[in-house]
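So the protein sequences, as listed, match chains A and B.
Sequential numbering from 1 applies to the first sequence in this note's numbering.
Sequential numbering from 515 applies to the second sequence in this note's numbering.
These aren't lab readings, by the way, just hints derived from the structure by calculation.
Glycine is no exception: its CB is placed at the ideal position from the N, C-alpha and C atoms.
Honestly, I wouldn't trust all of these hints.
[Stated by the list, open to error] SDA-like cross-link-like pairs, simulated, lysine to any residue; straight-line CA separation at most 25 Å: (1) 602(B) to 390(A); (2) 685(B) to 86(A); (3) 441(A) to 682(B); (4) 441(A) to 518(B); (5) 569(B) to 86(A); (6) 550(B) to 435(A); (7) 441(A) to 617(B).
[Said to hold, decoys possible] According to the in silico footprint, chain A covers these stretches of chain B (three or more CB under 8 Å from chain A): (8) 555 to 565; (9) 638 to 648; (10) 682 to 690.
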Amino acid sequence: MRKLYHFNGGVHPPTHKAESTQLPIRHAGLPSRLVVPLHQHAGSTAKPTVRVGDRILKGQLFGMPEGSVSSAVHAPTSGTVEAIDMQVVAHPSGLPDLCVTLIPDGRDEWLPRTSTQYLATPPEELRLMLRLAGVVGLGGAVFPSDLKLRPGKHKVKTLVLNGAECEPYITCDDMLMRERADEIVRGAEMMRHMLEADEVLIGIEDNKPEAIAAMQKAVSENHFSKMEVIAVPTIYPGGGAKQLIRVLTGIEVAAGVRSLDLGVQCFNVATAYSAHRAIEHGEPLISRIVTVTGNVQHAQNFEVLIGTPVNELVALAGAKPGTNGHIMGGPMMGVPLPSSQVAVTKATNCIIESSLALFPPPPPELPCIRCTRCVEVCPAELQPQDLYWFAKAKNVGKAQEHHLFDCIECGACSYVCPSNIPLVQYYRFAKSEIWANEREKDAANIARERHEFHLLRIERDKQDKAEKLAQKERAALAAKAAAQAGKSADAASIDVLRAQVREIAHPDAGLTKE
Amino acid sequence: MLTALLVMSFIALVLGAVLGFSAIKFRVEGNPLVDKIDAILPQTQCGQCSFPGCKPYATAIAAGEADINRCPPGGEEGIRKLAELLGKDFVPFGEDTAATKPKSVAVIDENTCIGCTLCIQACPVDAISGAAKQMHTVIEAECTGCELCVPPCPVECIDMVVIRESITTWKFRHPATVNSSNNQPA
Numbered sequence: 001m002r003k004l005y006h007f008n009g010g011v012h013p014p015t016h017k018a019e020s021t022q023l024p025i026r027h028a029g030l031p032s033r034l035v036v037p038l039h040q041h042a043g044s045t046a047k048p049t050v051r052v053g054d055r056i057l058k059g060q061l062f063g064m065p066e067g068s069v070s071s072a073v074h075a076p077t078s079g080t081v082e083a084i085d086m087q088v089v090a091h092p093s094g095l096p097d098l099c100v101t102l103i104p105d106g107r108d109e110w111l112p113r114t115s116t117q118y119l120a121t122p123p124e125e126l127r128l129m130l131r132l133a134g135v136v137g138l139g140g141a142v143f144p145s146d147l148k149l150r151p152g153k154h155k156v157k158t159l160v161l162n163g164a165e166c167e168p169y170i171t172c173d174d175m176l177m178r179e180r181a182d183e184i185v186r187g188a189e190m191m192r193h194m195l196e197a198d199e200v201l202i203g204i205e206d207n208k209p210e211a212i213a214a215m216q217k218a219v220s221e222n223h224f225s226k227m228e229v230i231a232v233p234t235i236y237p238g239g240g241a242k243q244l245i246r247v248l249t250g251i252e253v254a255a256g257v258r259s260l261d262l263g264v265q266c267f268n269v270a271t272a273y274s275a276h277r278a279i280e281h282g283e284p285l286i287s288r289i290v291t292v293t294g295n296v297q298h299a300q301n302f303e304v305l306i307g308t309p310v311n312e313l314v315a316l317a318g319a320k321p322g323t324n325g326h327i328m329g330g331p332m333m334g335v336p337l338p339s340s341q342v343a344v345t346k347a348t349n350c351i352i353e354s355s356l357a358l359f360p361p362p363p364p365e366l367p368c369i370r371c372t373r374c375v376e377v378c379p380a381e382l383q384p385q386d387l388y389w390f391a392k393a394k395n396v397g398k399a400q401e402h403h404l405f406d407c408i409e410c411g412a413c414s415y416v417c418p419s420n421i422p423l424v425q426y427y428r429f430a431k432s433e434i435w436a437n438e439r440e441k442d443a444a445n446i447a448r449e450r451h452e453f454h455l456l457r458i459e460r461d462k463q464d465k466a467e468k469l470a471q472k473e474r475a476a477l478a479a480k481a482a483a484q485a486g487k488s489a490d491a492a493s494i495d496v497l498r499a500q501v502r503e504i505a506h507p508d509a510g511l512t513k514e
Numbered sequence: 515m516l517t518a519l520l521v522m523s524f525i526a527l528v529l530g531a532v533l534g535f536s537a538i539k540f541r542v543e544g545n546p547l548v549d550k551i552d553a554i555l556p557q558t559q560c561g562q563c564s565f566p567g568c569k570p571y572a573t574a575i576a577a578g579e580a581d582i583n584r585c586p587p588g589g590e591e592g593i594r595k596l597a598e599l600l601g602k603d604f605v606p607f608g609e610d611t612a613a614t615k616p617k618s619v620a621v622i623d624e625n626t627c628i629g630c631t632l633c634i635q636a637c638p639v640d641a642i643s644g645a646a647k648q649m650h651t652v653i654e655a656e657c658t659g660c661e662l663c664v665p666p667c668p669v670e671c672i673d674m675v676v677i678r679e680s681i682t683t684w685k686f687r688h689p690a691t692v693n694s695s696n697n698q699p700a
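Isolated chain A (complex conformation) (with noise of 0.2 Å):
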């Protein structure tokens, strides 16, 4: 039996997660359109390799990653390119990024795919297929995957495969750990190889006894010594990437610092599993396994091609009248969607259609009491009742010197406030306002450069204009003095003749002279 360790706090809230685990994962089949946004990753906006009119295989690039953190995008079926253009996404400011529509043909034609012998192929061409692949992390926080499979100058020595699933509602990787365990852990293996790693753990919470059983009998059936499946206590957040390295290994990661540095690294279930997908068949991430759920008739779990509307996906589910809402996500991290209109995403892991009877409206917030229950159950020993104090006094610089980008946002602090107080609202808030401060302070050193070079362009221009007004008098005078010694020099030379003439003319004159 493998030692556990613990993380400071956590809370238990009711899991909701027996209702969307009674059917199996169902294809959601193909919507009306697709509307595939192009910055889907964390990172930089990939750029769109396709036109509009154009006819497009299922598994095609929709955009090319740009930068060296970004992914690619791909078409989620066959089909005709209606627009590019700007379209309301899934993401709480409501505003529209560059969206790719796809019109499916409905015959989902796939574009060639090849298989890669993954231990035939160097582990660099491996990242730059799943980079191509747009493979990136479905836990949550879309990063390349390909930029995580990187061995670091230190050896790794665990790669942690993340399959607690400790937010409440949300059942996308129970349901994938139960069906396809087999891939799981046939991905998992590519990455440890990728890695160089000595040891696979795979962490689910112990509320999923079928999703263990089932990833146990993948793991002993592939024959990997090097993999373990542990089941870890059910507390919320123990899916949290830092939790859960902490409660398998003991290591503790450090604000500032990766997890890859001290020799560990954590990757999703699905991500495993899109890894496999990528490699073993060729097939580019374009679908995920979402769990609709909330006030629907059958909520369950369905892989969806990215690029659905959520309103399409939800009507699968059996909409229910009285919803007054979307959440992406779970209830404690989740963000509410601007539009039932949204497309799914590659971050879109659940979708909670709320109603008046599942979430109350919370009672009126009032006066924190320093009460430090949000202490007690801060899984990153944050005091949020300061980080709250300076975020609501706009005072950012001061929270941020209580360590507020240590802060995982997971809410538990807000769940159990007496005083009801949507602390990480202010958080967040804090948080976005500290960014846009330091992009303003990078556009203002880059005016202050450009207004220092300005000037000195100026003064270069003037001394250049100085010092050719001072050749050219300078030539001028030159000349000038040329111009007068010349005219001295030809009296000279008429002298000299003069006195040759007279010479001639009276020979004898110099001779009497003498």
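Given chain A's structure and the hints, the job is docking chain B onto it.
Chain B alone, transformed into the frame defined by chain A:
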């Protein structure tokens, strides 16, 4: 008596030499206070403070020749930061100072532009590209929104356009200013 005098003057000489040496060796170029003030100023180089750019204004503040409330693009936040740095009290904008405007960029109507290069010469950050009798255009990313290019234009083809929020510049609002029911589930 004599020993004491000798010892004291020796110490004075040594210390003097050390001080003289460090005055040359560790000499600080420029006025560090000016740089600190300049770092707070928004670098629009717009001249609304009546100084020809941010650095001259910073120099004037450091010399005590200018008030700290003369920079509209910096906003009240800027005055607050300057007050904190200089240990002064916060002073609101004077009545003669222009109002703070939302951040904008200059946009040239390229059909109207006659290519006179006057705006290029006016731009303090070289953010306008073009040549004589050729169409000009503003490099949006470099434009500080100082409006200095607007008055010289003889055909009035430059507009200041307010920068709209995009998905990458969007900020979470302060919870006290939004209806809390539509931002946080549960």
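Verification of the supplied hints:
At most 25 Å may separate the alpha-carbon atoms for a hinted pair to count; residue 602(B) and residue 390(A) meet this at roughly 23 Å. A threshold of 25 Å between alpha carbons decides the hint, and for residue 685(B) with residue 86(A) the separation of about 19 Å falls inside it, so the pair holds. In summary, the hint linking residue 441(A) to residue 682(B) is supported, as the alpha carbons are separated by about 16 Å, within the 25 Å threshold. As the CA atoms of residue 441(A) and residue 518(B) are separated by approximately 59 Å, the hinted pair breaks the 25 Å bound.
The hinted pair formed by residue 569(B) and residue 86(A) fails the criterion: a straight-line CA distance of about 40 Å is larger than 25 Å. For the hint linking residue 550(B) to residue 435(A), the alpha-carbon distance of about 21 Å falls within 25 Å, and the restraint holds. Taken as a hint, the residue 441(A) and residue 617(B) pair is honoured in the structure, with Cα atoms around 14 Å apart against an allowance of 25 Å. Given as covered by chain A, the segment 555 to 565 of chain B passes the check, having 5 residues with a CB less than 8 Å from a CB of that chain where 3 are the minimum.
Three residues within the 8 Å Cβ limit are the bar, and the segment 638 to 648 of chain B against chain A gives 4, so the coverage statement holds. Here's how the segment 682 to 690 of chain B fares: 8 of its residues keep a CB closer than 8 Å to some CB of chain A, so the rule of at least three is met and the hint holds.
Violated hints, in rising order: 4 and 5; the structure is consistent with all others.
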